[in-house]
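Asker: Make the full structure from the sequences, and use the hints.
4 protein chains.
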Amino acid sequence: MANFKGHALPGSFFLVFGLWWSIKYPLTYLNGRIKGKRSSNKFHKRLELIEGVMKVVFTLIGMLAEQFVPDGPHLHLVSGDHGWVKLMNWQHTTMYFFYGLSGVVDILTYFPLNFPQGLDRLSLALAVFIEGLLFYYHVHNRPPLDQHIHSLLLIAIFGGSISIMIEVFLRDNIVLEMFRSSLAILQGTWFWQIGFVLYPLGKAPEWDQSDHENIMFITMCFCWHYAVSLIIISVNYGLVYWCLKRNKGLAGDVTIGIRKLKSNNQGEVQTALLTASDEE
Amino acid sequence: MANFKGHALPGSFFLVFGLWWSIKYPLTYLNGRIKGKRSSNKFHKRLELIEGVMKVVFTLIGMLAEQFVPDGPHLHLVSGDHGWVKLMNWQHTTMYFFYGLSGVVDILTYFPLNFPQGLDRLSLALAVFIEGLLFYYHVHNRPPLDQHIHSLLLIAIFGGSISIMIEVFLRDNIVLEMFRSSLAILQGTWFWQIGFVLYPLGKAPEWDQSDHENIMFITMCFCWHYAVSLIIISVNYGLVYWCLKRNKGLAGDVTIGIRKLKSNNQGEVQTALLTASDEE
Amino acid sequence: MANFKGHALPGSFFLVFGLWWSIKYPLTYLNGRIKGKRSSNKFHKRLELIEGVMKVVFTLIGMLAEQFVPDGPHLHLVSGDHGWVKLMNWQHTTMYFFYGLSGVVDILTYFPLNFPQGLDRLSLALAVFIEGLLFYYHVHNRPPLDQHIHSLLLIAIFGGSISIMIEVFLRDNIVLEMFRSSLAILQGTWFWQIGFVLYPLGKAPEWDQSDHENIMFITMCFCWHYAVSLIIISVNYGLVYWCLKRNKGLAGDVTIGIRKLKSNNQGEVQTALLTASDEE
Amino acid sequence: MANFKGHALPGSFFLVFGLWWSIKYPLTYLNGRIKGKRSSNKFHKRLELIEGVMKVVFTLIGMLAEQFVPDGPHLHLVSGDHGWVKLMNWQHTTMYFFYGLSGVVDILTYFPLNFPQGLDRLSLALAVFIEGLLFYYHVHNRPPLDQHIHSLLLIAIFGGSISIMIEVFLRDNIVLEMFRSSLAILQGTWFWQIGFVLYPLGKAPEWDQSDHENIMFITMCFCWHYAVSLIIISVNYGLVYWCLKRNKGLAGDVTIGIRKLKSNNQGEVQTALLTASDEE
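Protein chains in written order, with numbering that gives the first Met the number 0: chain A, 0 to 279; chain B, 0 to 279; chain C, 0 to 279; chain D, 0 to 279.
Please keep in mind that the hints were generated in silico from the structure rather than gathered at the bench.
Any given hint could be a false lead.
Any copy, or any two copies together, can satisfy a pair, since identical chains are not distinguished.
Straight line, CA to CA, 25 Å or less: simulated SDA-like cross-link-like pairs of lysine to any residue [as the list claims (entries may be wrong)]:
#, residue 1, residue 2
1, K4, Y136
2, K23, V103
3, K23, F110
4, K44, V174
5, K244, N213
6, K44, G237
7, K85, T218
Model, not experiment: these values are computed from the prediction.
Answerer: Here it is as structure tokens:
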């Protein structure tokens with residue numbers, strides 16, 4: 000769907016997930032700080048399940064939309080005269096499929112099937128990587144601005160993929176999780192931006208796709224999107240903190256609990272190592 | 000051997016190893032979860048030995064085939080008039096040699112020669128890297144589709160090399176091992192795909208090697224291969240789990256054993272760190 | 000500000016921070032070695048606060064200077080006839096903004112708001128990365144020497160960004176901190192060098208921007224800058240050590256304290272692991 | 000010194016260091032396994048000191064040779080008419096300088112000056128990186144074979160730099176140390192190979208520098224060099240093991256000592272983590 004909607008739809012998905020993560024992770028992080036370990040938390044696990052189901056549902060919608068829109072391929076891959084049918088839609092279907100797979104792994108992780116820990120993160124990282132791979136070869140032979148605006152997207156995509164890959168080994172690390180949230184929001188808003196630039200709505204003027212000034216502006220605009228994304232996750236973190244403090248009735252309780260745990264965890268990795276060596 | 004067989008042969012080797020790993024690692028992982036540490040397991044060690052021997056045998060076959068096929072170099076490197084003889088076959092021989100070396104290290108690791116742990120993984124990672132290096136310079140001056148289809152192979156190769164390199168430091172990590180298995184299967188099936196595309200069998204039509212649509216399709220096709228590979232390793236994991244559950248007679252036994260160990264190892268790295276800091 | 004001052008100003012900022020870090024980190028490191036953990040140190044925390052405030056002040060000055068110099072954009076982004084206004088100044092403003100954001104996170108980390116540890120490092124790494132990103136697209140369509148001299152800067156920038164990213168996980172690692180200091184000093188002096196080369200002062204002759212010899216010299220010159228930077232941080236380390244030794248009155252005290260702690264921490268990571276495994 | 004000697008000299012330095020490391024590290028590793036921790040070992044520390052001194056001496060020789068050979072720059076950088084004097088020699092001098100710096104840090108680490116652990120590794124990694132950086136820009140505007148043969152060298156150089164960088168955090172890891180040794184030997188022999196290819200000795204015929212076959216052969220030849228390098232370090236490891244076994248009189252002693260420690264250290268990182276989590 001090489002039009003405005005085809006960019007707004009995935010953009011919205013990423014935005015929703017980014018915003019959701021920017022609330023979920025501070026919530027489970029601060030909750031965990033009070034009550035103990037996060038992973039053993041039932042509430043946290045159920046959230047993961049819901050997320051998995053949502054992923055599967057959203058990607059199914061995306062796949063069906065790509066296949067069965069009026070100008071879609073309707074599951075035909077090869078036409079009679081040996082040409083490929085609507086490869087763009089098939090590529091998007093492929094991207095959605097891998098996100099769906101990641102959703103399935105999230106669901107399987109919930110049930111007591113002894114799925115190794117970390118596979119859910121790995122499958123998400125792979126889905127993001129596949130998205131990046133397809134985009135990378137997607138933009139050959141396009142005008143400079145089109146290429147540039149998509150290659151900026153690749154930074155958010157591959158950055159996200161690497162960051163999630165690290166989460167396989169450093170699970171439940173709040174910094175990585177917030178970083179992931181911020182990159183998801185960035186992807187979301189940037190998809191919208193691509194839509195606005197390449198398919199101007201209404202009577203907005205067309206962008207000159209080979210103007211060097213436009214390319215310079217778009218680079219900077221990408222940074223502003225990220226600045227906004229960072230501000231959004233900061234605000235959400237603040238809201239979650241404030242809500243938790245209010246709801247628990249005794250603000251002090253939360254704070255003390257957090258403080259106690261925090262002082263135990265100053266520079267988590269480092270502390271663990273120092274502790275270990277202090278025991279000699 | 001720039002023909003269909005020359006791609007089908009290595010493809011089959013990788014496929015066999017990928018499938019084998021996708022059974023071996025879940026097996027030793029689940030077994031280890033019940034009985035304790037994996038590495039000290041005699042059964043596991045013997046499997047590694049057999050694998051090393053198989054590697055050496057397979058690569059010897061591959062090397063001999065590359066050298067002594069009718070149109071091979073028969074161990075001649077330089078011909079009389081200072082031209083190189085059959086460099087392609089020599090390159091393939093070189094690739095096989097490094098895999099053979101990795102097999103030798105596997106065997107040496109088995110015997111009580113005090114070989115440092117991790118050298119077997121390092122030598123495998125190096126073999127995969129050398130394969131990637133040779134392929135990288137292999138495809139210069141070829142038609143676009145040929146280059147593209149090989150460069151996608153490089154993703155699987157270098158991805159595998161990096162992942163095995165991490166195993167040097169994070170040994171016996173089931174997620175990394177399953178990731179490696181999936182990449183090996185991907186390499187295997189992709190070698191076959193390259194064979195089919197570049198040397199169409201029977202009366203199949205030739206591919207237009209400079210058509211942009213074909214390149215786009217091949218990119219997507221690569222993703223589908225990986226999707227199939229992921230599904231294969233999931234199914235194999237499920238089969239192994241189911242077999243272990245049946246064979247042990249008491250399904251509960253396994254599950255409890257696993258559960259117990261699993262709860263100790265939720266997010267292994269993280270737990271260790273948190274545990275260490277809790278002890279302060 | 001594409002002139003000498005526009006390079007000297009940021010160069011001075013980086014130089015000041017690099018020099019400051021090359022004193023602060025050895026100080027807190029050696030102090031911490033004597034008294035115990037570093038992070039819990041009030042003095043250290045206050046230093047971080049002051050640093051955050053300084054960052055915010057400096058970047059505000061930078062942003063205002065870029066916007067309100069006589070030939071600046073004065074906060075106008077689009078002029079009437081749909082051209083962009085002074086994009087260069089806007090890009091610099093964006094760079095300063097992200098460093099300012101990092102300063103704000105430093106300040107928030109000081110107050111008891113339960114900001115997760117590591118976010119301050121992450122935000123600094125992101126600021127450096129954004130700087131690199133903007134520079135990367137900054138230098139297209141320039142003469143070879145101009146491109147080359149900026150691409151060398153990118154090595155210092157991205158090297159710094161990666162190194163700070165690692166500090167998210169390995170906080171308070173003196174080697175990483177000194178590496179960061181050295182790269183900051185390198186950036187600082189290199190900005191000055193760029194200014195001297197591209198905008199020769201006074202009656203100095205212009206550089207031939209497409210001479211291959213000049214490019215070769217500049218590469219080497221970059222290495223010399225780094226050599227000087229390394230020597231500066233070594234000297235500062237020595238000075239700090241010497242001062243601490245004098246001030247404490249009893250030189251032996253410091254040395255013994257340090258020695259005792261040092262022997263506990265030989266190769267911190269390794270020791271921790273060995274220790275842990277010795278306890279079996 | 001763009002001639003055979005100019006490649007043979009640094010090649011010999013790297014070869015000597017690679018061979019020396021391939022004996023030193025197995026020695027200290029196996030010794031450490033018997034007697035306890037390696038780092039606290041006086042013998043090991045003295046070896047490091049000697050190595051540092053040797054580095055300084057060798058690089059001084061290299062620097063003086065580059066400056067004061069008959070056609071050298073004799074410390075002149077700029078000639079009267081504003082041209083650069085013998086930049087190639089100056090670049091080589093710069094490379095040697097950074098290796099010398101690394102030697103100085105090795106020496107300082109020996110004395111009780113409280114130099115942070117890991118700085119010696121960092122300075123070595125930086126020296127290797129600087130070498131790679133200078134080589135990278137060194138080979139522009141050369142014939143294809145010349146470029147290719149140097150770019151293969153870059154793989155050994157940057158691979159080594161990354162590996163040493165990891166040693167900053169994972170000190171005394173025998174696998175990394177043996178990997179480093181193998182890359183140093185590879186660099187050494189490859190420098191000689193470059194000399195033979197670009198400046199054929201005696202009556203050997205010139206290489207056709209733009210023949211694609213030659214480039215393919217050289218790639219493969221690089222792999223063979225590495226194969227030889229791997230075999231050399233394996234043989235040296237075997238020799239060291241055999242000597243230690245003989246010298247200690249009681250072969251069993253060594254083996255038992257090693258076995259005991261080895262079983263404690265199966266997959267060092269992993270064990271540590273599992274141990275930590277077992278203590279819950």
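Asker: Each of the hints needs a verdict: does it hold here or not?
Answerer: Hints, one by one, checked against the model:
no.	hint	verdict
1	K4 to Y136	within (21 Å within a copy, 29 Å between copies)
2	K23 to V103	both (19 Å within a copy, 24 Å between copies)
3	K23 to F110	both (20 Å within a copy, 23 Å between copies)
4	K44 to V174	both (20 Å within a copy, 20 Å between copies)
5	K244 to N213	neither (46 Å within a copy, 58 Å between copies)
6	K44 to G237	both (23 Å within a copy, 22 Å between copies)
7	K85 to T218	between (31 Å within a copy, 14 Å between copies)
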